[in-house]
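Going down the list, the sequences are from chains A and B. Just so you know, the first sequence maps onto residues 1 to 83 in this note's numbering. Just so you know, the second sequence maps onto residues 1 to 119 in this note's numbering.
FYI, nobody ran anything at the bench for these hints, they're computed from the structure. Ideal Cβ placement from N, Cα and C applies to all residues, glycine included.
To give a feel for the contact side, a few chain A residues facing chain B, derived at Cβ under 7 Å:
(1) 28
(2) 31
(3) 42
(4) 71
(5) 72
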Amino acid sequence: MWLPVAIFLAVCIAIILVRLFLGPTPPDRLVGLDTLNTLVIVSMVILGASFNEVIYIDVAIVYALLSFVTTLFIAKYIEKGGF
Amino acid sequence: MILNIIIYIFIAIGCFFNMMAALGLHRFPDVYTRLHAGTKCTTFGSIFLILAVVIQSISAWVAEGLSSPQSILTLHALIALVAILLTNPTSAHAIGRAAHRSGIKPARAVVDDLEKEKP
Chain A
1 MWLPVAIFLA
11 VCIAIILVRL
21 FLGPTPPDRL
31 VGLDTLNTLV
41 IVSMVILGAS
51 FNEVIYIDVA
61 IVYALLSFVT
71 TLFIAKYIEK
81 GGF
Chain B
1 MILNIIIYIF
11 IAIGCFFNMM
21 AALGLHRFPD
31 VYTRLHAGTK
41 CTTFGSIFLI
51 LAVVIQSISA
61 WVAEGLSSPQ
71 SILTLHALIA
81 LVAILLTNPT
91 SAHAIGRAAH
101 RSGIKPARAV
111 VDDLEKEKP
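Using the sequences and the accompanying hints, generate a full structural model.
The following block contains the structure:
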């Protein structure tokens, strides 16, 4: 029931990766990275429900908080134009 | 039976909006409209996909009794949902502000009212 959903989300992630490589400006790539992070979190929760493993969902929570810090840090880097 | 139908409807809504986010990143012309597609659609789709997981695990929890391991899965999925709901709009706002302050104009923009504001 859940595994086709995870495969579908993997296809979405592959489509977003094209934008991540093509993006003309750095904020375009950052938008792609942020979208990709959210889809990775959701697919980790889906895989945790699929294999009935709680540890996948714990990894998803930690990934959500760490990717939030990463996005804020890269946004600050783009805003200042350097460190 | 009726729970299965609700879960399938939630999965369909979530998959549709996540696919729209992936396609919108390619269809829109500049950073701000891509931000609109990529952040709002994934937040909305993620809510429905995680709620489908929560409904399924709650029904298994009720079926297996009070002290089943499904309770941990339910609560942790809800915590993951709260983490997404808190962090996703905040990071979208940070990206938009950084893009504007680094000097990127919206495509086909005529008037920029934020131009007068000093960073």
